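Chains as they are written, first to last, in numbering that gives the first Met the number 0: chain A, 0 to 357; chain Y, 0 to 256; chain B, 0 to 302.
The hints are simulated quantities; they were obtained by calculation from the structure and are not laboratory data.
You may find that some hints are simply not true.
Said to hold, decoys possible - Calculated from the model, a selection of chain B residues having no Cβ within reach of chain Y, i.e. all distances over 10 Å:
| no. | residue |
| --- | --- |
| 1 | 47 |
| 2 | 58 |
| 3 | 71 |
| 4 | 122 |
| 5 | 266 |
As the list claims (entries may be wrong) - The calculated lysine-lysine pairs, modelled on DSS-like cross-linking and capped at a C-alpha distance of 27 Å, are:
| no. | chain 1 | residue 1 | chain 2 | residue 2 |
| --- | --- | --- | --- | --- |
| 6 | A | 234 | Y | 170 |
| 7 | Y | 50 | A | 42 |
| 8 | A | 135 | A | 159 |
| 9 | Y | 89 | B | 8 |
| 10 | Y | 222 | A | 159 |
| 11 | Y | 91 | B | 10 |
| 12 | B | 109 | Y | 89 |
| 13 | Y | 7 | B | 10 |
| 14 | B | 8 | Y | 91 |
| 15 | Y | 4 | B | 207 |
| 16 | Y | 91 | A | 234 |
| 17 | A | 234 | Y | 47 |
| 18 | A | 240 | Y | 47 |
| 19 | Y | 4 | B | 110 |
| 20 | Y | 222 | A | 133 |
| 21 | Y | 7 | B | 207 |
| 22 | B | 8 | Y | 4 |
| 23 | Y | 7 | B | 8 |
| 24 | Y | 56 | A | 274 |
| 25 | Y | 249 | B | 109 |
| 26 | B | 191 | Y | 170 |
| 27 | Y | 4 | B | 191 |
| 28 | A | 240 | Y | 50 |
| 29 | A | 247 | Y | 222 |
| 30 | Y | 56 | A | 42 |
Only a predicted model underlies this, so the values are computations on that prediction, with no experimental measurement involved.
Built from N, CA and C at the ideal position, the CB exists for glycine as well.
Residue strings, one per chain:
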Amino acid sequence: MKKLIKYFLTFSFIFGAVFANETVNLYIGSNYIADSTVNRFEKTYKCTLNQNFFNDNEEMLAKIAAGANGYSVIVATSYAVEELAHMGKIKPLDKTKLPNLKYIDKQFLNTPYDPGNKYSVPYAYTPVFLAYNKDKMAELGITPDSWAVIFDPKYLVKLKGHVTVFDSARNVLAAALLYLGKDPNTTNWDDLKKAREVIDRASPYWARFDSDSYYRGILRGDVWIAMSYSIDIFKTIQDAKASGSKIKIEAMMQKEGNMYELDNMVIPVFNNNDKLAYDFMNTALDPQSAYELSSMTGSSVPNPDAIAKLDKNVTGIDWIYPKNMKKMYVFKAYDPKTRIMVNEMWTEIKMSGNCGIF
Amino acid sequence: MQGSKISKSLLATGTLVYLFLYLPLIVLIVYSFNDSRVNVGWVGFTLKWYKVLFADKQLIAAAINSLIIALIASTVSVVLGTLAGVALHKYKVPLLSTLVMIPVAAPELLVGVSLLLFFILINFTLGMASITLAHIAFCVSFVTIAVKTRMYGMDNSLLDAARDLGASPVKSFFLILIPTILPGIIAGWLMAFTLSIDDFVITFFTAGVGSSTLPLAIYSMLKMGVTPEVNAASTIIILVTLVLTSVATKLSPQLFK
Amino acid sequence: MAQANNAGKEKWVLSLPPVIYLIGLFLIPTVLMVFIAFREPGDYGGVAPLITHNNGSSSLNLTLDGFRYAFSSSFIWKLFLRSMFFSILTTLCCLLIGYPLALLIAKSAKKYRDLLLLLVIIPFWSNFLIRVYAWMILLGPNSAISNVVNSIRHLLGLEPLDLLFSSAAVVICLVYINLPFMILPLYANLEKHDYALIEASRDLGAGKARSFWQVTVPLSMPGILAGCGLVFIPCIGMFVIPELVGNNCSMMIGNLIKQQFLQTMNWPLGSVTSIVMTLLVLSISLFVGFLASHSGGLKYARK
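Let the hints inform the model, and build the full structure from the sequences given.
Structure representation (structure tokens):
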């Protein structure tokens, strides 16, 4: 009996520890907030910040559409914000409760996917580009300054089995469209079909669709060139240095232009503690948090005060803070019909590629 | 079969198969003590991955979730499964026997996906509760089978005697039937507990916010790129299973016959 | 009379709670899924409304489009064929590896058998993701196995190969995960064989090989069929292993189903594929059951 009481006490202790504080449930991509920011937020507002990770926006949208709730703040990419708004899953924001919005660079406000920032405020952005194994590229005489390197068989014959692209319809299509000189957000079916032909021609040369662990492949040496996110490559270069790896990892932007995933904070309709959600947003908009985020994770922040404080070694990297923002594009949402058709197309591309049955 | 000679080649093949079964796990465990971020080559002994593991709040929360779900699911399914097992032993209930067979025969993927659709359509929030309900559903079948198997060997005259002596059905159920089939019930409970704590596919589809279980957490670690922290977590899970298995074997040997 | 009445009552008191639970959480969800297969996909997941009102006229949105699309798409056929191929290959490998071990255990002295059997079960009790992960380490680039394979390929003048992220890795993991499902029923069958039969065949002049192929194997047919069924069925619906260790060309039907529900939000197509997959699995299990009940060995086993 004594034992039973002891067990009971242990359990209530665990429960107590979990439920004593108010919690903010953040739904965010992994490795996308600095630990110091989390600690500061938890201390200041005496609450617990719970991070829930998603792999990509499609997964997040599917879960939200499926009725997943309980999140206080979601950090979603541009087009996903638009879709969440269409679904009626996010609340209009009260800007008077967001004094720290003043720190944000105007060029990231009032975007085409959320005019007047009705639902969203910018969090950070992540350029998408090609990262590569420097020695291998030198050996093969390839300069990855164009998307052609991952789409044109001329280059791909030398790279077969050592290229990865994202497991993301939007990113792969956008890269193919940029390569073709088309609008990366086009809904013109002829253009999308042409992009598909380019992808079908190239996919037999690709190792796999991978947006989660491709950077480990680069570090191991089996992936020579990969469609990459700045935060992953920033971390991988640090890891390579720390582990004394012989592999030199570099990255560059492509001359046809690049996408960047502009991520935003939104509050879902089912959130019932708006005060804490706004507190979190203000904390994240604060230059100190933006500084921590950019220097810890290599994210690009839309926060000039934070950028001014940052090390030139970070702000000088072209694939983190691109010099030519004119050639950088954000994703806009597809209309439902295009989305369903693109999804169908993507399923076919991804599931069968150009391989045989086996 | 016993008594026939074991040829050398058969012995060698058998040993190789055991090696095939154990070598991967041994390598995994050894690398959990390796002082390197990558699972290639031995660098030096360290316990740092275990330190990292015990400081990982998310993983510990997931382990606690798994335990809570498994405890509730196995207990509830033992109650339902015992009722079903007794009913199927004593009476012909074709509806029940078919229902019990579905989760055993149907592909896990189908069960997971259909439960996901069901929870969404009835507007049931995905989370700990939906996972637990789903786990109970597939555990009931296994408990039923364990209880039914136990009852085959049961002496019905005891129950008849109790009734003749004037015991009410309820009384004889709790005082005579339950104690007699207790080993079957315990075996069923253990089985349900293991199935629940181990389940990935059905949990994957029925999980929601803040309801990550241990297998889900390991899955996302495997997907996101692995550090030897996963080796450390795996080593602990393997050891715990080893201990539980040996305890379970001692408790209810007929489970393994 | 009163007793019969009581028995009827007891029957329902006992069976009603599990019946209600299982109907609620198995039958209804499955039936729902069948309904969804005939609906049109909604804009953001879910399904389009069943009835739409348009200028005063209402139309019922039921469709066979999902089935039509699934059967006319060559890539879905390809995925089904590939899943079948992987599963059959896995089953054969398990049989080839599992039979000798089951035979060895059955032939061992009684006091060792339980231990030997437990040694088969133990790895199978640790979580299957962990077992897949163990192979991710073994097959990883620069691992011992990769180095050996690639140095052999090098000697033969072949390109180096990625072992991890390949169809071979998928099949290896499937075999590893499912092997105990083959060994246990095989052992259960082999253990019951009467050694006198084999001795008799030897006395009548049959060689070792001949008595194995003509006596032991036919007698163990029910065990072989049960093992094959138990390995084959879970293989078909697998999606985790191709995702973790496969490449572009090793996706299986389970990956498509998962993607339809959790990424592209086309519920009707996901439901159609799940239903077709389930029917496939059911018909195969019925076929295996039919074979088992008509194989000679079972008659012997019954005695």
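Exercise for review: Would you check the hint for residue 91/Y and residue 10/B, treating anything up to 27 Å between C-alpha atoms as holding?
Suggested key: holds, 9 Å
Review point. Given the hint that residue 249/Y pairs with residue 109/B, does the C-alpha gap stay at or below 27 Å?
Key: holds, 18 Å
Review point. Do the alpha carbons of residue 234/A and residue 170/Y lie within 27 Å of each other, as the hint requires?
Key: violated, 67 Å
Check your understanding: Taken at face value, is the distance from the CA of residue 89/Y to the CA of residue 109/B at most 27 Å?
Key -> violated, 35 Å
Exercise for review: With a cut-off of 27 Å on the C-alpha distance, tell me whether residue 135/A and residue 159/A pass.
Suggested key: Distance ~13 Å between residue 135/A and residue 159/A Cα, so the pair holds.
Check your understanding: Is it true that the CA of residue 4/Y sits at most 27 Å from the CA of residue 191/B?
Key -> holds, 16 Å
**Study point:** Pairwise hint evaluation, residue 47/Y against residue 234/A, where the allowed Cα distance is 27 Å at most
**Key:** holds, 21 Å
Check your understanding: Is the hinted pair residue 240/A and residue 47/Y satisfied, with a Cα-Cα distance of at most 27 Å?
Key -> Roughly 20 Å separates the two Cα atoms, so the pair holds.
Review point. Can we trust that residue 122/B is non-interface, i.e. its beta-carbon lies farther than 10 Å from all of chain Y?
Key: violated, 5 Å
**Study point:** Straight-line alpha-carbon gap residue 7/Y to residue 10/B, limit 27 Å
**Key:** Roughly 56 Å between the alpha carbons, so the hint for residue 7/Y and residue 10/B is violated.
**Study point:** Claimed clearance of chain Y by residue 266/B, with the beta carbon kept past 10 Å
**Key:** Its Cβ does come within 10 Å of chain Y, the nearest being 7 Å, so this is violated.
Check your understanding: For the pair supplied as a hint, residue 7/Y and residue 8/B, is the alpha-carbon distance within the 27 Å limit?
Key -> violated, 62 Å
Violated hints for the displayed structure, listed by number in ascending order: 4, 5, 6, 12, 13, 16, 22, 23, 26.
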